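Participant: Residue numbers (full-length UniProt numbering), protein chains in the order written: chain A, 1 to 473; chain B, 1 to 551.
These are computed hints drawn from the structure, not numbers from a lab. If you're wondering where the values come from, they're calculated on a predicted model, not measured in any experiment. Treat the hints with care, as some may be off.
As the list claims (entries may be wrong) - On the chain B side, residues computed to face chain A include the following (Cβ under 8 Å):
hint	residue
1	Ala195
2	Asp199
3	Arg218
4	Gly539
5	Thr540
6	Lys543
The beta carbon of each residue, even a glycine, is placed where N, CA and C say it ideally should be.
Spelled out from the first residue to the last, the chains are:
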Amino acid sequence: MPEKIDYDAKIPNNVHLADDRRLQRALEGWQPKFMNWWGEMGPTLETEGVYLRTAVSVGRDGWAHFDHVNVPDYRWGIFLAEREADRRIGFGEHQGEPVWQQVPGEYRADLQRLIVIQGDTEPASVEQQRLLGVTAPSLYDLRNLFQVNVEEGRHLWAMVYLLHAYFGREGRDEAEGLLLRNSGSPDAPRILGAFNEETADWLAFYMFTYFTDRDGKYQLGTLKESSFDPLSRTCEFMLKEEAHHMMVGTTGVDRVVLRSAELIREHDTYEIAAHGGIPLEVIQRYLNFHYTVSLDLFGSETSTNAANYYTAGLKGRWQETRRKDDHKLTDDARTLDRPCDDGTWTSDELQAILLLNLDLRAEYTADCQTGVNRWNKILSDAGIDFWFRLPHPGFNREVGINSGHHVTPDGTVVDEATWEAARHHWLPTAEDLAFVRSLMHPVYERGKIAGWVAPPRHGINGKPFDYEYVYLT
Amino acid sequence: MTTTTPVTFERHPDSYRHWRLAVEGEVAWLEMDVDADGGLVPGYELKLNSYDLGVDIEFYDATQRLRFEHPQVRAVIVTSAKDKVFCAGANIRMLAGSPHEWKVNFCKFTNETRNGMEDATEFSGQRYLAAVNGSCAGGGYEIALACEKILLVDDNSSTVALPEVPLLGVLPGTGGLTRLVDKRRVRRDLADVFATRPDGIKGRTAVDWRLVDELVPRVGFREKVLARARELATESGRLPAERGVPLPPLHPDVSEEGIVYRHVRVAYDRPNALATITVLGPEGEPGDLHDEGADGWLLRLTRELDDVILRLRTNEPGLGTWVLHTVGDPAKVLAHEQAVLGAKDWLANEILHYYKRTLKRLDVTSRTLIALVEPGSCFAGALLELALAADRQYILDGPPIDDEDSPERASIVVSEANFGVFPMGNGLSRLQSRFYGDDDHLAALARESGHELSAAKAVELGLVTDAPDDLDWEDEIRIALEGRASLSPDALTGMEANHRFVGPETVETKIFGRLTAWQNWIFTRPNASGPDGALRRYGTGQKAVFDRKRV
Numbered sequence: 001m002p003e004k005i006d007y008d009a010k011i012p013n014n015v016h017l018a019d020d021r022r023l024q025r026a027l028e029g030w031q032p033k034f035m036n037w038w039g040e041m042g043p044t045l046e047t048e049g050v051y052l053r054t055a056v057s058v059g060r061d062g063w064a065h066f067d068h069v070n071v072p073d074y075r076w077g078i079f080l081a082e083r084e085a086d087r088r089i090g091f092g093e094h095q096g097e098p099v100w101q102q103v104p105g106e107y108r109a110d111l112q113r114l115i116v117i118q119g120d121t122e123p124a125s126v127e128q129q130r131l132l133g134v135t136a137p138s139l140y141d142l143r144n145l146f147q148v149n150v151e152e153g154r155h156l157w158a159m160v161y162l163l164h165a166y167f168g169r170e171g172r173d174e175a176e177g178l179l180l181r182n183s184g185s186p187d188a189p190r191i192l193g194a195f196n197e198e199t200a201d202w203l204a205f206y207m208f209t210y211f212t213d214r215d216g217k218y219q220l221g222t223l224k225e226s227s228f229d230p231l232s233r234t235c236e237f238m239l240k241e242e243a244h245h246m247m248v249g250t251t252g253v254d255r256v257v258l259r260s261a262e263l264i265r266e267h268d269t270y271e272i273a274a275h276g277g278i279p280l281e282v283i284q285r286y287l288n289f290h291y292t293v294s295l296d297l298f299g300s301e302t303s304t305n306a307a308n309y310y311t312a313g314l315k316g317r318w319q320e321t322r323r324k325d326d327h328k329l330t331d332d333a334r335t336l337d338r339p340c341d342d343g344t345w346t347s348d349e350l351q352a353i354l355l356l357n358l359d360l361r362a363e364y365t366a367d368c369q370t371g372v373n374r375w376n377k378i379l380s381d382a383g384i385d386f387w388f389r390l391p392h393p394g395f396n397r398e399v400g401i402n403s404g405h406h407v408t409p410d411g412t413v414v415d416e417a418t419w420e421a422a423r424h425h426w427l428p429t430a431e432d433l434a435f436v437r438s439l440m441h442p443v444y445e446r447g448k449i450a451g452w453v454a455p456p457r458h459g460i461n462g463k464p465f466d467y468e469y470v471y472l473t
Numbered sequence: 001m002t003t004t005t006p007v008t009f010e011r012h013p014d015s016y017r018h019w020r021l022a023v024e025g026e027v028a029w030l031e032m033d034v035d036a037d038g039g040l041v042p043g044y045e046l047k048l049n050s051y052d053l054g055v056d057i058e059f060y061d062a063t064q065r066l067r068f069e070h071p072q073v074r075a076v077i078v079t080s081a082k083d084k085v086f087c088a089g090a091n092i093r094m095l096a097g098s099p100h101e102w103k104v105n106f107c108k109f110t111n112e113t114r115n116g117m118e119d120a121t122e123f124s125g126q127r128y129l130a131a132v133n134g135s136c137a138g139g140g141y142e143i144a145l146a147c148e149k150i151l152l153v154d155d156n157s158s159t160v161a162l163p164e165v166p167l168l169g170v171l172p173g174t175g176g177l178t179r180l181v182d183k184r185r186v187r188r189d190l191a192d193v194f195a196t197r198p199d200g201i202k203g204r205t206a207v208d209w210r211l212v213d214e215l216v217p218r219v220g221f222r223e224k225v226l227a228r229a230r231e232l233a234t235e236s237g238r239l240p241a242e243r244g245v246p247l248p249p250l251h252p253d254v255s256e257e258g259i260v261y262r263h264v265r266v267a268y269d270r271p272n273a274l275a276t277i278t279v280l281g282p283e284g285e286p287g288d289l290h291d292e293g294a295d296g297w298l299l300r301l302t303r304e305l306d307d308v309i310l311r312l313r314t315n316e317p318g319l320g321t322w323v324l325h326t327v328g329d330p331a332k333v334l335a336h337e338q339a340v341l342g343a344k345d346w347l348a349n350e351i352l353h354y355y356k357r358t359l360k361r362l363d364v365t366s367r368t369l370i371a372l373v374e375p376g377s378c379f380a381g382a383l384l385e386l387a388l389a390a391d392r393q394y395i396l397d398g399p400p401i402d403d404e405d406s407p408e409r410a411s412i413v414v415s416e417a418n419f420g421v422f423p424m425g426n427g428l429s430r431l432q433s434r435f436y437g438d439d440d441h442l443a444a445l446a447r448e449s450g451h452e453l454s455a456a457k458a459v460e461l462g463l464v465t466d467a468p469d470d471l472d473w474e475d476e477i478r479i480a481l482e483g484r485a486s487l488s489p490d491a492l493t494g495m496e497a498n499h500r501f502v503g504p505e506t507v508e509t510k511i512f513g514r515l516t517a518w519q520n521w522i523f524t525r526p527n528a529s530g531p532d533g534a535l536r537r538y539g540t541g542q543k544a545v546f547d548r549k550r551v
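Isolated chain A, as found in the complex (with noise of 0.2 Å):
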């Protein structure tokens, strides 16, 4: 039998999951197996209480509830968006229909697969994170690993509502396999290549979690604007805590920049690494490798499934609502550039609808961009002649119509055997990898912090650096 749980104490939550005996017994079948993948696939330093930032409620106080909590203990809840009344569908062919509050029959397998493939993303960071935290640069950064782990959980809790409340119990075994695809796994990988990479070092997560995580905003940006309305709110919600994981990817990098900057300030050289920095052309190529991962994640840029999620409701554009056009795109033309074989470019015109995940990914490329300037302001106020850049989006690409290319950071088309040989100018080399785990020691003492990278502006919710926000065993 498996153990009763105390839903209100144990699972925060406003959706009545008290009374719902359905959900209960799903969310009975389902959380010890939880609990197991945490143990055997979440963060694998041990401590005894984290600073973290736990969801109460959906109200202005009640998501942003701070305190030192037990890990395994984290009351992974189930929010959903408050309900807005009237709430009408805005795209697609129900447009100006009331949304729905259940799943309509004739999109059930779009629905499903929708959300488990955006579930099967949230456990698989957790996945691959599970190590860092055995060489955290300081116990800011420990905690910070620890908040988006546990939110990456309650974000698979969040999906995984959606699947046992609405799904039956087909949705039951699609929750079961959320946990039963493991990152990198030989045998049951993630779905999405992304997630089966590695991030073995912290300047991975940080750019892992400025790059893919953004992603995955701007992926929940979409399902917000669903006309299943559960899947809205659910998605609304996420996005809020999603901000979070932005945060550190962001500050993050900048951090790295800033104590790299630095460097070659006090020592007057770019070669900083034998001084324990970071050069900039290394920050450059992780930042070329996740970036082009991530691109990978928005699909082809030519895509029938996202035209017709978008006709039939299930999926939006980025702020549908603040779009000006009529919201169905059955006439809307747009160009797409493609890379030809003699290493030209050329320019196709397609239906707009068709292009929605280019749609999608200029929004976010746009996004990245801000990081990016960002980054170089920290170099231009230290007087440092060094640009970082996005490279072009058929850079290193596996999916869509530049995968089988060959293209630079700054957009040639060139023969495999060029870029083969200029590969390591482009893309973190074996050495750069193992140069940057080897500056990765833990750094567990209050107030202080690893070598290679600054510490914070601003501590968590008004604490100071130096705050005890992790209680190590």
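Knowing the structure of chain A, use the given hints to seat chain B on it.
Facilitator: For chain B alone, coordinates are given in the frame of chain A:
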């Protein structure tokens, strides 16, 4: 989407664009690796290992070569060389952009190839194993269904699916529905659930529902598949073989007027919308089958017939009537036939089954078939099957038209070959089909085996439709052919297919009769192929508009 250059059907593994064939002892790997830019006709991209006629022609070539050139092979593994995708099925843009007859012809050919795989398993001991190493939908799953065993990668995300009904508003046209319930004995209610789900079924449920036989972990997938194939191979009843028989190109002479092979000649008569197919009997006595190899009369003839049926079907849809002639010595036909029937070895077995499959191709060809038996013809035994496959047979009761003094007369010969060696898709011989339920008459016919039957006798025995004399012949035949050409070709297709297949249903007859008839109907309905139909709308991001009235 139409082609300007005629489609050819001869391929060779050295120049495959979409497949890799690797033979390792008694196991062959047949890996699908479709070149997205390699469509047979411009206008679509073959993404995700989706296929068109060109991909399937190579597939067919491989299955044929495995039987003749690699007789040591006892197990064939069909898998994908691509990551995460086994096969997405027939290319939808190709289907949506193709004229009706192209779609149907394509379906017919793919069905024949899938049936051929099952034929290889049953009659040649070449057992097919589908190693489904990624998502497998529609025609992709139909390829797997044609295999004896289906192994599915157990990666917790790969599915098998028949999404035609929910996504495209058409049917799985390559035997998918029939094989689910008839071959794999999937329960009908589960088959209903399965075939209406666009996303398919994975893992344990797929095994429980009998959609696949076994799950195989991702790690060590190929090794496990190979081990399973080796097990299948040990149970194979394949006759031992030392060396195979290479199948060289046929090099027909193709012109505006027709196609000329060594033993088959086709002449087009476009004004009358007909093609005359003449089959030449053997010249000399039969030699050693293995020494003759691909030059042996019956094998060579079969290859030529197979090729010409495919070419005419695909490239000449307007030639609605095929007139079948033979020229040669009936005794020599019977001698060659006996050389194959009497030799109980793998090559003889392959030749007989290949000829059987070629006759089946003729049976399901949507053309009026008229056999003309004249003096100098050799409709004997195996070649009589051509006449029996035809919708009507006319024998000339008199001297040759151009030589009224000649003593030569037309005749036919019934032989052992007509009593079950070359069964039709319904499992019956053509004589059994012709005289369905009349066993006494079949017994009487058996007693007439081996000697020439005159026109009068052929009429008496019910083996021909009519026997005009030399005065009437030309007019009678002309009127018959002209009359035929004036009828609705659609009605004729339906009528002929009804008459050709009497008696019991088999998986094959269901696929060709029942399933393709429905598919044909659905393909022409606005719900599928109208401007707002599912096939047209697929890939545009817009939903199909259905007329909700059920008919």
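Participant: For each hint, tell me whether it holds in the structure or not.
Facilitator: Taking the hints in turn, this is what the structure says about them:
Given the 8 Å rule on beta carbons, the hint for Ala195 (chain B) is violated: about 13 Å separates it from the nearest Cβ of chain A. With a cut of 8 Å, the hint placing Asp199 (chain B) at the interface with chain A holds, because the nearest CB-to-CB distance is about 4 Å. Interface hint status for Arg218 (chain B): upheld, as the beta-carbon distance to the closest one in chain A is roughly 5 Å, under 8 Å. The beta carbon of Gly539 (chain B) comes within 5 Å of a beta carbon in chain A, closer than 8 Å, and the hint placing it at the interface holds.
A distance limit of 8 Å between C-beta atoms decides the matter here; for Thr540 (chain B) the minimum to chain A is near 7 Å, and the interface restraint holds. Look at Lys543 (chain B): its Cβ gets to within about 6 Å of chain A, closer than 8 Å, so that hint holds up.
In summary, the one numbered hint that this structure violates is 1.
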